[in-house]
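Undergrad: Following the hints, put chain B in place on chain R, whose structure we already have.
So the chains spell out like this:
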Amino acid sequence: MTGGDEEFETRLSAAFGQAAVGLGPAEPVVLLDGAMAAGRRRKRGRRTVLLAGAMTLAVAAGASALTLPSGLPGRTSGALAAASASAPPPLDHGVTVLLVGLDSTTDAQGRPAPADLRSGELHISNDDVDTADTLILLHIPPGGGSARQLSVPRDVLVDTGDGGQVTVNKVYTRAEAVETTRLRGLGVTGPDLRWRAREAGRTALIRSVQQLAGVPVDHFAEISMTGFYRVAQAVGPVPVCLNHAVDDHMSGARLPAGRSQLGPAQALAFVRQRHGIVGDGSDLQRTYRAQAFLAGVLQKLRSGGVLADPARLSTLYDALKDDLVVDQGWNPADFVRQVPAFAQGRSTASTLPIRWQGEAAAAKQGEAKDILTAEPTTAPAGGEVPCVD
Amino acid sequence: MGAARRRAAFEEEFAAFAAARSGQLYRSAFFLTGGDAHLAEDLVQDTLSRMYTQWHRLHRPGWAGGIENAAGYAQTVLVRAFLTHWRRRSSSELPSQVLPEPPARERDQDLRLVLVNALAGLPPRDRAVVVLRYWEDRSIEETAAIVKDSSAAVRSRCTRALARLRAQLGSELAELVAP
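These protein sequences, in sequence, are chains R and B.
Numbering of the first sequence is given in this note's numbering, commencing with residue 117 and proceeding in unit increments.
Numbering of the second sequence is given in this note's numbering, commencing with residue 846 and proceeding in unit increments.
Just so you know, these hints were derived from the structure itself, not from any lab.
Just so you know, even glycine gets a beta-carbon here, dropped at the ideal spot from N, CA and C.
One thing to keep in mind: the hints can contain errors.
[Stated by the list, open to error] Which residues of chain R face chain B? A partial, calculated answer using Cβ under 10 Å:
| no. | residue |
| --- | --- |
| 1 | F132 |
| 2 | G140 |
| 3 | L273 |
Okay, chain R solo, but in the shape it has when bound (with noise of 0.2 Å):
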């Protein structure tokens, strides 16, 4: 031994100083400006929530009503078969669809958003990342009686499959990092890089959210935030209604109290905003919003409008073009002519109940499941959309 004890202290503070000349992170810039992205993030990610589910049903609600030749535009992803084998045994009954709203900017096909969109209505900056911000459940029961609707929490923990646990919206981007590296390291560039790495996202999102509400995904869908709003645009003023007036220049969210009609920014800005919501401004009250939201899309589809007018319904399959991704197997189209209950907006919507951990969530094994498959307790609405904080 060389010293006394406070011989070795001063030694080893010494050690730390001299240990850290040149050191620095590999490349500062690119720090800085994914600190400062994931900064904008996190805090319109408190209030960021897509409702690809919204927009999905609200198309195959208006397919419906169509004769279309082919089902619906968009791209088809094998995710879905992917991840069967990891899936729980099927339910006894019914059909199970996974709805995701991607947190991204670039459409289904990987180019990027229009500028105009980016920088302007959309409130969104302009960081390269998919989040799978808004993850709902539906269940149909079978005979298309009244449908589940289970809103996932983004911040639940769900399992990696390699022994860690992340956050549900982080499955997707995780995944899709890492294939990204992978297929790099391959040669694979442009959109064919982004599509395939997006596939792991979406078989890795899958799997975890089958193993964590213990049912499996029979079908699947995702939207992209560029392709909402474009949606939005086509389907016209949709009806939502306020219980506070809100006025968030985070998201741009702008409403009075009671009922409004939503163009396509406020839209977005409606399912989006947490900062300033009444209540504890958690991601949970974002799933109501978002519950809430999609209640009037389909209200709107259903009193018409948009239906018929050939323009609207032209726009809109166009949007759809780039911006949606469906199982290969499936025909949202089809399916709601299947089950008509749910296209006339009779469903029970509900969100994961959670338990918090720090700042990640859990669930309880087996609720998702539960819920799924109960009785509904309360009258499926029908008709007015419900007023929301």
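TA: Relative to chain R, chain B alone:
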């Protein structure tokens, strides 16, 4: 519009702060993680992103709820982010193999490797205490506040960690550290 200008100013101010602090945060993170450069970068990003969301409190010192010392606060956020990260993964994952990044100068490189490997052998909470005390020169009390522990607990953690470090690298430090 006023709001847009305010927002631009906010961004600019924060960007300047982040640029000024990122190096120091990274160095602390590098030591905290026992030389995991990748995780260190993640922690710095995480810390700065948290600071971003708190910035309205930070650039108004003197306000009720304002934070006086943004730089010091960032270091605290970093250590806590590290401990949270560790807590979260410790239930399910084993410590990963440490891969120190290859640094520049030979002597310092040896020293950095030796130091970081010894740190990596400590339990994460002990490591946090050592980094705070001997890298950031924090007092026992400050350290205790940051890791949310009692001063007595920090003191005993520190003694235990020092004994281990000393057994492992006492002689090497004597050789490598410039007097």
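Undergrad: Next, verify each hint and record whether it holds.
TA: Now for the hints, and whether the structure bears them out:
1. With a cut of 10 Å, the hint placing F132 of chain R at the interface with chain B holds, because the nearest CB-to-CB distance is about 4 Å.
2. Restraint check, G140 of chain R versus chain B: the minimum CB separation of about 5 Å is within 10 Å; hint holds.
3. For L273 of chain R, the interface hint holds, the least distance from its beta-carbon to any beta-carbon of chain B being 9 Å, beneath 10 Å.
In this structure, every one of the numbered hints holds.
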